[in-house]
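Under full-length UniProt numbering, the first sequence has 132 at position 132, and the numbering climbs by one with no breaks.
Just so you know, not all the hints are guaranteed correct.
Derived pair list, reagent style PhoX-like, types lysine-lysine, alpha-carbon separation capped at 25 Å [claimed, not checked]:
1. Lys-147 to Lys-131
2. Lys-175 to Lys-82
3. Lys-12 to Lys-153
4. Lys-131 to Lys-175
5. Lys-214 to Lys-153
6. Lys-262 to Lys-91
Calculated directly from the structure, the hints in this document are not laboratory data. All of these numbers come straight from a predicted model, not from anything done at the bench.
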Amino acid sequence: MIQVYNTLTKRKEPFVPREPGRVRMYVCGPTTYNYIHLGNARALVVFDTVRRYLEYRGFRVFFVQNFTDIDDKIIKRAAEEKMDPRELALKYIEAYFEDADQINIKRADVHPRVSDHLPEIIELISLLIDKGFAYVAEGDVYFAVRKFPEYGKLSGRQLSELRAGARVEPGENKKDPLDFALWKKAKPGEPSWSSPWGEGRPGWHIECSAMALKYLGPELDIHGGGSDLIFPHHENEIAQSEAATGRPFARYWLHNGFITVKEEKMSKSLGNIFLLREVMEAYPPSAVRLFLLSTHYRSPLAYTPEYLEGAAKALSRLRSSWLFLLEAQNQAEEFSGGAEQLARLDEWEQDFAAAMDDDFNTARALALFFDLAHEINSWAELRPLPPAPVLRRALSLWVAFNRVLGLFPERRGLPVVEQERTEVIEDLVKLLVEIRQEARQRKDWATADRIREELKNLGIILEDTPAGTRWRWA
RNA sequence: GGCGGCAUAGCCAAGUGGUAAGGCAACGGCCUGCAAAGCCGUGACUCCCCGGUUCGAAUCCGGGUGCCGCCUCCA
């Protein structure tokens with residue numbers, strides 16, 4: 001049974017979706033006014049992995065992740081760059097997919113954009129006004145927080161405590177400082193849409209409620225996001241959605257911890273952000289993904305370049321075990337036996353599931369993956385090799401672990417553990433290896449080493465093994 | 001001030017009350033012409049400190065210290 005930590009109850013609970021075998025899941029996606037940074041990437045990788053694991057466990061997952069493409073920050077940034085706000089948003093949506101694909105994030109079933117859902121948003125706001133939870137004030141619409149008695153249940157706050165922090169910006173017409181905007185009256189020059197309350201645009205929180213309700217219905221199974229969204233964003237989503245539907249909005253609220261840099265939260269306001277694409281220029285995406293899964297998702301995670309350096313090396317253990325398995329498949333003897341090894345592999349599978357069942361403990365799962373790789377690598381020293389059934393079973397486990405953790409992308413169902421080799425490169429390297437081999441035979445080490453050294457400079461590592469010389473990408 | 005979290009080897013990190021996973025780094029060895037990769041082996045007399053519960057605690061309880069986060073846009 002999968003146990004998940006639910007922010008709403010502050011406990012680990014058995015995961016029971018509303019409908020058996022199906023999971024409806026919503027994760028707050030990026031506001032598209034910049035390239036995504038490592039912090040965004042953590043949320044993406046964490047919930048992508050949650051989704052992958054649920055699928056591994058046989059759930060049919062319907063996954064929705066939005067783009068916030070209408071927002072104050074987009075408008076501001078567009079003005080700075082003298083671009084149309086819609087164009088700016090589109091540019092970063094495209095960039096989002098480039099980055100997310102690199103780091104092996106599966107596409108959501110739906111990626112709804114705010115700009116495509118104005119009718120749904122307006123309808124939801126109207127409903128809230130009709131039900132008396134919201135009010136119109138000079139072209140703005142606000143949610144009356146005090147009308148929703150359960151306000152604060154997610155973030156564990158009392159209305160009385162919140163009072164101190166709340167404030168009214170100049171130009172706002174709130175009746176109560178705690179109220180928040182559902183609809184903002186347009187200022188001249190800003191993108192706007194017509195509504196029963198005049199020209200304007202949606203507030204930040206209402207979009208997620210509207211889109212989640214549209215695609216997933218009134219009661220989601222999982223709602224996720226970074227823990228900085230707990231308050232006010234998710235608290236407000238609950239208020240809006242539950243006020244509108246009268247039903248619990250989400251059964252399980254999952255929140256990931258932050259990335260820290262030098263003991264401080266990585267955040268835009270502190271200016272200490274690292275863009276994902278910058279980091280991926282220096283380190284392979286699989287290393288970044290390994291880094292992001294190396295700590296339990298709710299714990300803080302410290303970013304250091306040294307760590308990624310190490311992660312990249314750690315991956316080579318996994319890589320070599322995979323390459324061994326692929327090769328060994330062809331050489332293995334088709335005899336039965338290996339019952340003991342098969343039993344051990346079964347145990348591995350169970351331990352892996354137990355780790356992930358426990359609130360998606362990827363650190364533990366990763367440790368098991370490394371254990372498995374280590375075991376497989378030790379077979380490489382064995383003669384004879386383990387029997388074919390054992391190798392097949394190990395291979396299928398390897399694929400399964402990788403598929404859940406998403407470390408290496410797959411092509412035609414098989415993990416791709418290294419950069420693509422084109423036929424031309426393959427042939428060129430083969431040629432140089434042959435020349436080097438001739439040099440080695442006449443003990444011309446200078447030439448042999450020169451070829452290896454120069455190829456290394458080009459990112460190609462030669463490895464001499466008893467079976468001949470192999471090459472791989474650095 | 002209110003609320004929440006964390007303190008485990010040089011670094012990162014898991015850990016169900018029963019005797020400390022895994023990764024990086026380091027050091028021996030095997031393999032190699034030398035390498036690389038991989039394999040074999042070596043690490044915490046102990047889990048921030050002090051008390052307590054228990055036959056037994058890194059794990060539970062109380063107190064202390066230190067660090068971080070949220071309460072305002074932020075994944």
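Now for the hints, and whether the structure bears them out:
1. Lys-147 to Lys-131: holds, 10 Å
2. Lys-175 to Lys-82: This hinted pair is violated, its Cα atoms lying about 36 Å apart.
3. Lys-12 to Lys-153: Measuring from Cα to Cα gives roughly 17 Å; hence the hint holds.
4. Lys-131 to Lys-175: holds, 17 Å
5. Lys-214 to Lys-153: holds, 24 Å
6. Lys-262 to Lys-91: violated, 31 Å
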